[in-house]
Amino acid sequence: MKTLAELQAIRDRMKDTVNLRSGSGSIRAVVGMATCGIAAGARPVLSALVEEVSRLGLTDKVTVTQTGCIGICRYEPIVEVYEADKEKVTYVKMTAEKARRVAEEHLQGGKVVEEYTIGAVENA
Amino acid sequence: MKELSLNILDIAKNSVKAKAKLIEIVIDEKDGWRRLTIRDDGCGMPPEMVATVTDPFTTSRTTRPVGMGLPLLKLAAEQTGGTLSVKSSQGDDHGTEVTATFAMDHLDCVPVGDYAGTMVTLIQGSPEIDFSFTYRREGGEINLETAQMREILGDVPLDTPEVLAWVYKSLTAPEQP
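Residue numbers (our numbering), protein chains in the order written: chain A, 376 to 499; chain B, 51 to 227.
Chain A on its own, in the form it takes in the complex (with noise of 0.2 Å):
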C-alpha cells in the first residue's frame, strides 16, 4: 500500500498530542448500532459526528462511542448525548445532516437542538 507512508507521517504529528487525547472528554455521545440503527441510516450519521468533533476541535471535550440496541427502534438513528450533571438529551430520526448541526451548536455551543430530541418528535 504506497500510502503506509503518509500513516507514517500521522504518526509523527500526532505522536506528541496521544495524551491530550486520553484525557477522556466530558460530553459523551453515543450512537445506536444495532440491527436496527444501522438499517436506518446511522453509518453516515456516526460519521458526520465524528467529522465534525474533530474538525471543531472538540475530541479533547467530546468522545463520541457506539452501542447496541437502545430499545425504541422506531426512532432509529438515535444520538444520545450525556455530559456531568446535565440531563440526558436523546436525538431521534438523525441524518447526517442532523448531527453536524448538533455538533456545532450542542456539542461546541451548548446548546440543546430541541427540534430533534424525542420531546419535539413525540409531540409533533
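A portion of the hints provided could be inaccurate.
To be verified - Simulated pairs of lysine to aspartate or glutamate, EDC-like, Cα-Cα distance not exceeding 16 Å:
{"no.": "1", "chain 1": "B", "residue 1": "K71", "chain 2": "B", "residue 2": "D158"}
{"no.": "2", "chain 1": "A", "residue 1": "K463", "chain 2": "A", "residue 2": "E426"}
{"no.": "3", "chain 1": "A", "residue 1": "K390", "chain 2": "B", "residue 2": "E212"}
{"no.": "4", "chain 1": "A", "residue 1": "K390", "chain 2": "B", "residue 2": "D205"}
{"no.": "5", "chain 1": "A", "residue 1": "K390", "chain 2": "B", "residue 2": "D209"}
{"no.": "6", "chain 1": "A", "residue 1": "K486", "chain 2": "A", "residue 2": "E458"}
{"no.": "7", "chain 1": "B", "residue 1": "K219", "chain 2": "A", "residue 2": "E426"}
{"no.": "8", "chain 1": "B", "residue 1": "K219", "chain 2": "A", "residue 2": "E381"}
{"no.": "9", "chain 1": "B", "residue 1": "K67", "chain 2": "B", "residue 2": "E201"}
{"no.": "10", "chain 1": "A", "residue 1": "K468", "chain 2": "A", "residue 2": "E455"}
{"no.": "11", "chain 1": "A", "residue 1": "K390", "chain 2": "B", "residue 2": "E201"}
Because the hints were derived from the structure by calculation, they are not lab data.
With the hints as your guide, set chain B onto chain A.
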C-alpha cells in the same frame, strides 16, 4: 439493508460482542459469484444456538427477543439464489465463521456499497480489536490490516480522526497496488 456493507457492519458487531481479538472480512468476486466471509476468534456459540441462529427469534440482544442481523443477511443471499452458512466452535479453536454467497448478476443482488465507511465505523467502535479486510474483485485486490497499521502508529490509537480518515482514503483510492 440497502448495501452489503451495512450487513457486514452489523454481523461484525456480533464478533465484537463475542470478544474477538481478530475479525477477518473477505469479499471475493469470481465467476459471477460474490462470496462474503466474516471470521472471528471470539467465544463461539454452542451447537444449539448455531442451529437456530438465522431464526429472527434467536438473539443476543436484551431489549427484546428478536434479532434480525443474520436473518437479513440470509435473505440478501438467498434472494439471489445464494446461501448462508454459519460455523462456530467453543473449543480450542474457538470462533465463528459466517459465509454468504450472492449471484452478482441477479436483479435482487444488493450492491457492496460503502465498505470503506463500514471499516472506519468498525475501527472507530473497537480500536482495540484487529481487523483484516480483503476485497478481491476483477481488476484488483484491496487489503487493510490494522495489525500492520498498529506497528506503524505505535502509541497513536486507531480511532484518532486523522487515522480514520486515512483508512477511508486508502480503501477508496482509485489506484491500488
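Would you mind confirming whether the straight-line C-alpha gap from K390 of chain A to D209 of chain B stays at or under 16 Å? Holds: K390 of chain A and D209 of chain B sit about 14 Å apart, inside 16 Å.
Hinted pair K390 of chain A and E212 of chain B, Cα distance within 16 Å: At roughly 12 Å apart (the allowed maximum being 16 Å), E212 of chain B and K390 of chain A satisfy the hint.
Given the hint that K219 of chain B pairs with E381 of chain A, test it: the Cα-Cα distance must not exceed 16 Å. holds, 11 Å
Is the hinted pair K71 of chain B and D158 of chain B satisfied, with a Cα-Cα distance of at most 16 Å? Measuring from Cα to Cα gives roughly 34 Å; hence the hint is violated.
K390 of chain A and D205 of chain B were given as a pair; does the straight-line alpha-carbon distance stay at or below 16 Å? Within the cut-off at roughly 7 Å; holds.
Is the straight-line distance between the alpha-carbon of K463 of chain A and that of E426 of chain A 16 Å or less? violated, 22 Å
Distance restraint between K67 of chain B and E201 of chain B, which requires alpha-carbon spacing of 16 Å or less: violated, 25 Å
Starting from K219 of chain B, check that the Cα of E426 of chain A is at most 16 Å away, please. At roughly 14 Å apart (the allowed maximum being 16 Å), E426 of chain A and K219 of chain B satisfy the hint.
Measure nothing beyond the straight line between the CA atoms of K468 of chain A and E455 of chain A; if it is 16 Å or shorter, mark the hint as holding. holds, 12 Å
Taken at face value, is the distance from the CA of E201 of chain B to the CA of K390 of chain A at most 16 Å? With a Cα-Cα distance of about 14 Å, the restraint between K390 of chain A and E201 of chain B holds, given a limit of 16 Å.
Checking one constraint from the list: CA of K486 of chain A to CA of E458 of chain A, max 16 Å. Satisfied? holds, 12 Å
In this structure, the hints that do not hold are numbers 1, 2 and 9, in rising order.
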